[in-house]
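Residue numbering for the sequence shown follows this note's numbering, beginning at 12 and increasing consecutively.
This list has only true hints and no planted wrong ones.
Heads up, simulated DSSO-like pairs for lysine-lysine below, C-alpha to C-alpha not over 30 angstroms straight-line: (1) Lys-124 x Lys-45; (2) Lys-45 x Lys-123; (3) Lys-45 x Lys-58.
Honestly, the hints are just simulated from the structure, not real lab data.
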Amino acid sequence: QLVSLCIELANEHFAHPGTEFASEMLGETLSILKRFAELPGLPSEEKPTLTEGLYHSLVILLGTHEALVLQCVLVAMYHLVQIEQHMLGIGAWNGCAETLLRILADYDPQFKKLSAELLELLLHS
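Starting from the given sequences, assemble the full structure and let the hints guide the process.
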């Protein structure tokens, strides 16, 4: 349920950019998701489509222009990539490393630090 909600809110975020309530909901959902990153209840081999949808949504959300959402997605991804299965799944998406490099080059220090840490973890995969 949580993963489906996260995917739905990510789609809504890009369909209606700048909607404050939707961005706050997405941020809260990502914050909850990071807390469940290590639990076996997150999608796995039993639900590959849902898992791929989550990874895709997270990588796409790296392109957001909203600071709150970007920070939440970077933190959620950081927690997820601590698990090898999620690290391999997220790292396999086209554009993930490139977007993280762009954040590293162009954004404020708080985003650069998270981006660099994510890149480091993904490079070890």
